[in-house]
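*Asks:* Going down the list, the sequences are from chains P and C.
Going by this note's numbering, the first residue of the first sequence is number 1, and it counts up by one from there.
Going by this note's numbering, the first residue of the second sequence is number 1, and it counts up by one from there.
Mixed in with the good hints there might be a few duds.
[To be verified] Calculated from the model, a selection of chain P residues having no Cβ within reach of chain C, i.e. all distances over 10 Å:
hint : residue
1    : Ala78
2    : Ser105
3    : Leu106
[What the hints assert, rightly or not] Quick look at which bits of chain P chain C covers, simulated, 3 or more residues with Cβ under 8 Å:
hint : stretch
4    : 3 to 12
5    : 89 to 97
Derived by calculation from the structure, the hints in this document are not laboratory data.
In this text, all values refer to a predicted model and were calculated from it rather than measured experimentally.
Glycine included, C-beta positions come from ideal geometry on N, C-alpha and C.
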Amino acid sequence: MDIGSFIHGSLHTYLIVSLLLFIGGLSTVLLRRNLLVQFMGIELMLNATNLALLAFAKWRGGDVTGTVLYLLIIAVAACEAAVGLALIIGMFRHRRSTDTDGANSLRQ
Amino acid sequence: MFLAFALITLGGAFALLIQRNAVQAGLCMMLSFFGMAGLFLLLANPVAAALQIIVYSGAITILFLFVVMLLQSHREEPSAHPRYIQKILSAALVIILALGAIKLVQSSKTLADIQAASPASDLITLEKLGERLFTDHLVALEAIGLLLLSAMIAAVVLIKKEA
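With these hints in hand, go ahead and build the complete structure from the sequences.
*Replies:* Here it is, written out as structure tokens:
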């Protein structure tokens, strides 16, 4: 690892950025209490895996299959965002709050 | 360029973590997605960069901000219990995970081999992507179409008011 790979990027540095991004999303889920912000953390974690996937695809000689998988992943992420936000709205109707500390039982 | 985009991406993620206001947290997430689109460009993958900006920075962020404003829950409510021990434990866990991940990547021999043996890569174009998508991965494409339709119906059913 030299300075040049930090400035211009190598497989290692891309993976380090991806891992740090994943850990940032994970800590958002762990430390924050607002359900919407936690959901944003989940999106960040999904994106971190995308970055690792495309970095590996680049260092396999520009493999197109990596981009195909990326396309499928963002479609699944869009589905997940739509259904998750619908669930959050449903929970807000019941509890009048998006705070996860109070949501400690499955029924009211 | 790599350093600039990596700092934008990680800075957006860190700002999301410490931001108190949910709307501003959503904008921080958008910044992080833009930085990632720049990283995809540097990976010789303009298709993924365009998709990232359209789907993530555009559609998903707007959806999030729309729900935040609809529910009017910008502020985090003050917690009933301080929960210091849990906060310290999770912060320590996160720091240990980050340091361990960096150490693991730096000391990995397999990664160094992949980096050394990589063939020259060329630009990924929409033409190549479409060709691969509609020959080898046609079933997956159709399945994703069905999944999007079912997610749309599920979202509508979930938020429909009971008659």
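*Asks:* Each hint should be assessed against the structure and marked as holding or not.
*Replies:* Hint by hint, here is what the structure shows:
no.	hint	result
1	Ala78	violated, 6 Å
2	Ser105	holds, 15 Å
3	Leu106	holds, 16 Å
4	3 to 12	holds (count 7)
5	89 to 97	holds (count 4)
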